[in-house]
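> Whenever a hint applies, use it, and build me the whole structure from the sequences.
Take 402 as the starting number for the sequence shown in our numbering and just add one per residue.
Among the hints, a few may not be true.
[To be verified] Now the in silico label distances, taken between C-beta atoms and shown as ranges: (1) Asn453 with Phe507: 23 to 31 Å; (2) Asn531 with Pro452: 37 to 45 Å; (3) Glu444 with Asp497: 18 to 26 Å; (4) Lys465 with Asp514: 32 to 40 Å; (5) Tyr427 with Ser505: 13 to 21 Å; (6) Glu436 with Ile516: 33 to 41 Å.
Derived by calculation from the structure, the hints in this document are not laboratory data. All values derive from a computational prediction rather than experimental measurement. Where is the CB? At the ideal position from N, CA and C, for every residue including glycine.
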Amino acid sequence: MSKRLLILWLCVCCFACDTGEIMKPYAYLSMKFIEDEDFVLMERIEGSWLPNKKQASLNAYGFKNERLSIYLPGLIQTGRYPNLTIKNIFYTDGADFNPIKVDSGFLEITQMDSIQIGGTFRVTLEDEYNGIDHRTVIGNFIIYTR
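Shown next, in the form of structure tokens:
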């Protein structure tokens with residue numbers, strides 16, 4: 402008798418679940434160095450958009466140890482994000498480019514609502530690993546909450 406009740410309870414629980422409305426958060430990223438022809442292929446992209454906290458973050462990891470990090474606290478509206486620092490956007494190619502500061506450029510939020518945030522960027526980063534080196538990274542991103 403208890404086996405039948407257990408099976409019945411499991412069936413009821415399984416049929417009661419509605420997975421049609423479930424959509425996991427995900428992110429999209431397209432980026433490259435301005436002088437390169439090909440875009441960097443990222444193996445894993447993790448994004449987080451918290452509209453109630455007005456905060457977005459994105460971390461992407463490439464096949465050759467590339468890494469891009471975007472962290473944007475205090476987002477109020479679309480437009481250019483003010484006063485970009487290395488804490489807001491960081492990219493390393495996994496080899497010899499490891500920047501220490503943002504030299505110039507912009508990160509512009511082009512869309513922002515309770516479901517998604519997206520934007521474009523063109524940022525020149527400065528590296529002092531093997532002498533001073535400046536490289537410009539361009540790209541765009543979208544982060545979905547659900």
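> The structure should be examined with respect to each hint, and the outcome stated for every one.
Now for the hints, and whether the structure bears them out:
no. : hint                           : in the structure
1   : Asn453 with Phe507: 23 to 31 Å : holds, 26 Å
2   : Asn531 with Pro452: 37 to 45 Å : holds, 42 Å
3   : Glu444 with Asp497: 18 to 26 Å : holds, 20 Å
4   : Lys465 with Asp514: 32 to 40 Å : holds, 35 Å
5   : Tyr427 with Ser505: 13 to 21 Å : violated, 31 Å
6   : Glu436 with Ile516: 33 to 41 Å : holds, 35 Å
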